[in-house]
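Student: Listed below are the residues making up each chain.
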Amino acid sequence: MHRVSLLARARLFLIAGWAAIVAAIIVAGYGAWAARDGYQRADLARQLELANKDLLVGMVDQETGLRGYVNSAEAAFLQPYLVGVQEVHSALQQITSDASGPQLAQELTQSRTAVAAWQAWASSQKAGVDASGKPMTDPTQVAEGKKLFDVFRATNERLQSTAVGRAHEATLQAQSGQRLGFGLLLIAGILIAITLAGLGRIVNSGILRPIAQLAQIARELAMGSAAKVLASDRRDEFGDLSRALAAWQVSAAERDRLFTLSVDMFAIAGFDGIFKVVNPAWEKTTGHTREELTSRPYLDFVHPEDRGPTTAEASKIETGATTLSFRNRYQCKDGSYKWLDWAAVPDVAEGLIYAVARDVSEQKVAEERIESLNGALEERATQLEAANKELEAFSYSVSHDLRAPLRAIDGFAGILLEEHAAGLGDEGRSYLQRVAGAARHMGQLVDDLLRFSQLSRQPLQKRLVDVGQVVERALYQLQTSREGRHVDIVVGTLPDCLGDSALLEQVFVNLIGNAIKYTERKDPARVEVGCQTTDGGPPVYYVKDNGAGFDMRYADKLFGVFQRLHRSDEFEGTGIGLAIVQRIVHRHGGRIWPAAEVGQGATFFFTLRGETQWQQLAA
Amino acid sequence: MATAGSVEILLVEDNSNDLDLTLHALRKNRLTNAIQVVRDGAEALDFLFLRGAFADRDPTRMPKVVLLDIKLPKVDGLEVLRSMRADPRTRTLPVVMLTSSHEERDIIESYRLGVNSYIVKPVDFGQFTEAVRELGMYWLLLNRPSTEVAA
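Order-wise, the sequence lines are chains V and B. So in numbering that gives the first Met the number 0, the last spot in the first sequence is 618, and the numbers never skip. So in numbering that gives the first Met the number 0, the last spot in the second sequence is 150, and the numbers never skip.
By construction, these hints were calculated from the structure, which means they are not laboratory data. Small disclaimer: the values here were computed from a predicted structure and weren't measured. Glycine residues also receive a C-beta, built at the ideal position from the N, C-alpha and C atoms. Wrong hints could be hidden among the right ones.
[As the list claims (entries may be wrong)] To list a few chain V residues with every Cβ distance to chain B over 12 Å, as calculated:
hint : residue
1    : Leu240
2    : Arg295
3    : Val364
4    : Ser429
[As the list claims (entries may be wrong)] Stretch by stretch, here's where chain B covers chain V in the computed footprint (C-beta under 8 Å, at least three residues):
hint : region
5    : 397 to 411
6    : 432 to 444
[Said to hold, decoys possible] Think about it this way: if two alpha-carbon atoms lie no more than 25 Å apart in a straight line, the pair counts; the simulated DMTMM-like pairs of lysine to aspartate or glutamate are:
hint : chain 1 : residue 1 : chain 2 : residue 2
7    : V       : Lys516    : B       : Asp123
8    : V       : Lys388    : B       : Glu102
9    : B       : Lys70     : V       : Asp400
10   : V       : Lys133    : V       : Glu73
11   : V       : Lys363    : V       : Glu304
12   : V       : Lys315    : V       : Asp305
13   : V       : Lys388    : B       : Glu108
14   : B       : Lys73     : V       : Glu391
15   : V       : Lys388    : B       : Asp75
16   : B       : Lys70     : V       : Glu391
17   : B       : Lys70     : V       : Asp447
18   : V       : Lys388    : B       : Glu78
19   : B       : Lys73     : V       : Glu389
20   : B       : Lys63     : B       : Asp13
With the hints as constraints, model all of the structure from the sequences given.
Tutor: Written as structure tokens, this is what we have:
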């Protein structure tokens, strides 16, 4: 929409109006001037006309007097003649003063020439009579005089007609000029009226009325009672204004909605300690009505213990400080207290505090619970740490002090068997051998137990591990255990993994060692090491054998410390190997599970990383 | 046992069972020529630095190897080792830790202090005898003591 400014429109209108008025006045002025000029000229023409008539009268008087004098030679007749001479003289003088236009000048000259010609003839006639003293009756002279007078009369008539024409013409010009002047003055008047009316309209409909409307809307907006302000489609300043007002109303309405619908409590408090404005959330949270909240000092509602800090905080704010998180307790209508968390800014000039409060009672309870939980956890951690230290001390002393007597039992039994065998007899030797064997077995148990407990204390040294190489090293360690036996060991493709390679080697030593041990009575014995990869899951490594297997009903006992599913006279072992394997797998974040059947063999599957960890890594 | 003559092995052991077994193993391997036995760390230091009961012994006779238990009354094995390494007279004297401890921190600390060998006494007597034989062969026969010690 192209914007058309009211100001521009009014200015354009004024310029056009004034230009028309000025033009009309100029033309009217010209008309007035033309009228005046016409009247002046008509006046002159009329004066000429009168003078010309006077001239004729004078000439006629002269001629009459002369004729009487010539015919009678009596001096009495000279009187009119002499008067006529005077009259002609003054008339001619008047005529001479006006000689506008070449035609008139020529006619005047002709008239004067004709007058002079007749007066010269008349003088000669008078002189003849004066000299002779008797009348003259020369007909030629009479004819001559008549001819000359006729010439004069003709010029006089022509001049008269010209003067009359002139007067008429000038009068007409004056009249038309007058009409033009009046007409244009009238037009100018009308134009002025139109201009004024147009301006009035612009002022009224373009300015006064919209101003009144906007003022009304603004009043209503201020009182908060305005209906929706319709943005006008006017393309002028008032359009701009009304659109701005409409936009303002929308944002004010949003602010209002925020103020009314907010769960947080908004308040404006005076430095006098009394709330001026509170939003509906206050009533919902505290149960007090707006009137109750704004009629008493807010300190009345604050928990007695919190009044000191609240007053201190308020005076800090009154000096211009902003508060971001201040907590105090407010009493509700039902007498209970709620924890409020405050943020407040002052308007020092106005003496007001703008504050937002939030009910954090539940949060406070939760925080207290977390705090007490944290305390309990810390206590537990301290206990755990102490227990761990005790355990460490315990295993240290186990490794020293428990093994020493076992070493003595085995050592002295050995010396007896070697150096005093003869005195013992077969039965004695057999018993002594079993004493030594039991001591060695217990030594093994102590060692296994220590290794197992060390596993959970050592930190993992995780790095990228070539599992194929780890298996190779494990098989090298197990060389002696398969001496004298034929075991088919098949190693499939094994993907690299992230882990502690020494511990992983232990896992494979134990699992493959078990497989070799439990295939003792199989021919051909077969051990398979491999890996299954599944969609989206971590790789599953496995060690499979075709050995003795076990009953899956007892599978949950497999991984317990010193738990065995076979008697030790069937298969050797302390029952710690799988417990160690499981602990290592768990410490890597993976899991281990078996699949087995009695007499058909067993498979141990394990992963080295949990499903979620793997997915995070894959993503 | 302790002879007035040359001392080849200083055995520091508080446990009488272990002491007898070690001596038996040494005897079996014919390494008993000159063994000085002391029963705790303080006694070991007295012997090495000619103090207390050993103040009058011949200072030129130093052992060729010290077999040192870690867990000892009064002054423990690691402390004995630290003192030996701090003294120029015993700085290069070979020390073999002969102990029950599998503890990694003991092993690491021993090597940090400059032990020459670290042997965990096995429960199995056969293995124990074998270990003693190996260490005796190595330190007494193959590993010649430095001239400083000999002097």
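Student: For each hint, tell me whether it holds in the structure or not.
Tutor: Here is how each hint holds up against the structure:
no.	hint	in the structure
1	Leu240	holds, 85 Å
2	Arg295	holds, 71 Å
3	Val364	holds, 47 Å
4	Ser429	holds, 17 Å
5	397 to 411	holds (count 12)
6	432 to 444	holds (count 6)
7	Lys516/V to Asp123/B	holds, 22 Å
8	Lys388/V to Glu102/B	holds, 14 Å
9	Lys70/B to Asp400/V	holds, 10 Å
10	Lys133/V to Glu73/V	holds, 8 Å
11	Lys363/V to Glu304/V	holds, 17 Å
12	Lys315/V to Asp305/V	holds, 15 Å
13	Lys388/V to Glu108/B	holds, 19 Å
14	Lys73/B to Glu391/V	holds, 22 Å
15	Lys388/V to Asp75/B	holds, 21 Å
16	Lys70/B to Glu391/V	holds, 16 Å
17	Lys70/B to Asp447/V	holds, 21 Å
18	Lys388/V to Glu78/B	holds, 22 Å
19	Lys73/B to Glu389/V	holds, 23 Å
20	Lys63/B to Asp13/B	holds, 21 Å
Every hint, counting from the list given before, is met by this structure.
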